[in-house]
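**Q** Residue numbers (this note's numbering), protein chains in the order written: chain L, -17 to 263; chain S, -10 to 119.
Don't read these hints as lab results, they were simulated from the structure. Warning: the hint list may mix true and false statements.
[Unchecked claim] Some but not every residue of chain S turned toward chain L, in silico, with C-beta under 8 Å:
1. Ser1
2. Asn2
3. Ile4
4. Met6
5. Met7
6. Arg59
7. Ser99
[Said to hold, decoys possible] Okay, derived cross-link-like pairs now, BS3-like style, lysine-lysine, Cα gap no bigger than 27 Å in a straight line:
8. L:Lys129 / L:Lys42
9. S:Lys9 / S:Lys31
10. S:Lys105 / S:Lys9
11. S:Lys48 / S:Lys31
12. L:Lys129 / S:Lys9
13. L:Lys225 / S:Lys(-7)
14. L:Lys(-13) / L:Lys129
15. S:Lys9 / S:Lys48
16. S:Lys(-7) / S:Lys9
17. S:Lys48 / L:Lys129
18. S:Lys(-7) / S:Lys31
19. S:Lys9 / L:Lys225
Using N, Cα and C, we set each Cβ at its ideal position, and we do this for glycine too.
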Amino acid sequence: MSAEKTGRAYVEEARQELTHYAQGLLHENEKLRAAVATLESDNRRLESELTETHGVRQQKETLRRRQDVLEHETAEAMREAGMARHERDQAVAELTLLRARLEEIEQENDRHLQEYQQVEQQTANLSNLYVASYQLHSSVDRDVVLKTIEEIVINLIGSEEMAIFEADERGRFRVAASVGIDASRFGPFRLGEGPIGRRLAAGEVFVNESPAESHDGLTACVPLKIGESTIGALAVFRLLAHKPALERLDRELFELLAVHASTALHCATLHARALLEGVPQ
Amino acid sequence: MTRKRILLVDDSNTILMMEKFILSNGPWDLITASDGEEAVCKASTEHPDLILLDVIMPKMGGFEACRVIRTRASTNAIPIIMVTTRGEAANVEAGWANGCTDYVTKPINSVELLAKVRSVLDSVPVEVAQ
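Build the full structure now, drawing on both the sequences and the hints.
**A** Written out as structure tokens, the structure reads:
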């Protein structure tokens, strides 16, 4: 009996232990199932997150590539900007050089223009002297010579007030021709007499630098000389209104007249005398 | 193309010679007349492209010649530069009133004359030879 009891108790104990074990297993199984469910849920979530992460990675990759492109483009743009700055600096330097060169050329051009104008002016001055000389010797007619002297004074010097004097055999100067003045106010005079005679006595061309201040209004007095002998005189009074003063060319014309007008006038006078005396031509 | 022609009018040989000297190096042919009547005649027959006209001349003065040239259909378009010793306003006004294009004063300044001649002729079309 006791053995039977013992057996039964052992079985009962084993059964209870098995039951307890089975319950534990069931409980554990439940826990595992819950864990599996949780894991599955986590797995799904992770898969979802993984999918999202993959999308993000793709976006990130796209963005990274885009960033690479942009960085490349930026680098390229900066390189181009650097080149452009360099080109701009070169262009600015070249422009500065060109401006300096242009200024030099303009200055050179101005200098050439001035030289050209000076040459033109000198040519004109020489032309004036040549024309005056040519015209004075173009005729032996006394009236023509006197007219030519007047024309030279009017047209080349610029005065319409003048008197041409000639010395007679006794050395007295008389008016031979005049323009724009009252010739009667000039009576015969000798060298050293009166305002004109005094100027003639010096034997050189007299030029009044301030004719307006002179009481006789004489602007210039030109002795007409053959060698050392003064055979006549040219007195120039007021200049034309638009001619403020005598210039260097005018003085040269006076010097020319002093020699060539006297020669021409002397020849014309001799010619006229020869005609009167019936000398064969 | 024919060369442009300039009629120089002055009773003074000195001035005519002077003007020839100044203008002879230019690309122009020069014609001369010694008084206003001859100037009017040559303006009609020679058809110059420009006339340099003295004011005080025998037979017909410069102002009258200018007026006659302006009244004729064949010559009224010819530019005329008056050449005068009188630069006063009244004389200049008289020149404008008689139809002159411009004026220069004597003594002639070559640079001024050349500039005015070039200025006037540059605005005149050149005749084309037929």
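**Q** Work down the list of hints and note, for each, if the structure agrees.
**A** Structure-based check of all given hints:
For serine 1 (chain S), the suggested interface contact is upheld, since its CB lies about 5 Å from the closest CB of chain L, less than 8 Å. For the restraint placing asparagine 2 (chain S) at the interface with chain L, the shortest Cβ-Cβ distance is roughly 6 Å, inside the 8 Å limit, so the hint holds. Of the supplied interface hints, the one on isoleucine 4 (chain S) holds, with its beta-carbon coming within about 5 Å of a beta-carbon of chain L, less than 8 Å. Hint on methionine 6 (chain S) holds. Least Cβ distance to chain L is approximately 5 Å, under the 8 Å limit.
Hint status for methionine 7 (chain S): holds, given a least beta-carbon distance of 5 Å to chain L, under 8 Å. This hint is violated: arginine 59 (chain S) has a C-beta 26 Å from the nearest C-beta of chain L, more than the 8 Å allowed. A distance limit of 8 Å between C-beta atoms decides the matter here; for serine 99 (chain S) the minimum to chain L is near 3 Å, and the interface restraint holds. Restraint check: the Cα-Cα separation between lysine 129 (chain L) and lysine 42 (chain L) comes to about 110 Å, which exceeds 27 Å; the hinted pair is violated.
A threshold of 27 Å between alpha carbons decides the hint, and for lysine 9 (chain S) with lysine 31 (chain S) the separation of about 17 Å falls inside it, so the pair holds. Simply put, lysine 105 (chain S) and lysine 9 (chain S) have alpha-carbon atoms about 15 Å apart, close enough for the 27 Å limit, and the pair holds. Restraint check for lysine 48 (chain S) and lysine 31 (chain S): satisfied, since their Cα atoms lie roughly 15 Å apart, inside the 27 Å limit. Restraint check: the Cα-Cα separation between lysine 129 (chain L) and lysine 9 (chain S) comes to about 20 Å, which is no more than 27 Å; the hinted pair holds.
Using a Cα cut-off of 27 Å, the hinted pair lysine 225 (chain L) and lysine -7 (chain S) is violated, with the two alpha carbons roughly 32 Å apart. Taking the CA atoms of lysine -13 (chain L) and lysine 129 (chain L), the gap is near 187 Å; set against the 27 Å cutoff, the hint is violated. Taken as a hint, the lysine 9 (chain S) and lysine 48 (chain S) pair is honoured in the structure, with Cα atoms around 23 Å apart against an allowance of 27 Å. Between lysine -7 (chain S) and lysine 9 (chain S) the alpha-carbon distance is near 15 Å, which keeps this suggested pair within the 27 Å criterion.
Pair hint lysine 48 (chain S) plus lysine 129 (chain L) holds up; C-alpha atoms about 18 Å apart against a cutoff of 27 Å. A distance of roughly 15 Å separates the Cα atoms of lysine -7 (chain S) and lysine 31 (chain S); the hinted pair therefore holds under the 27 Å criterion. Only pairs whose Cα atoms come within 27 Å are accepted, and lysine 9 (chain S) paired with lysine 225 (chain L) is accepted, the gap being roughly 23 Å.
Hint violations for this structure: numbers 6, 8, 13 and 14, all remaining hints satisfied.
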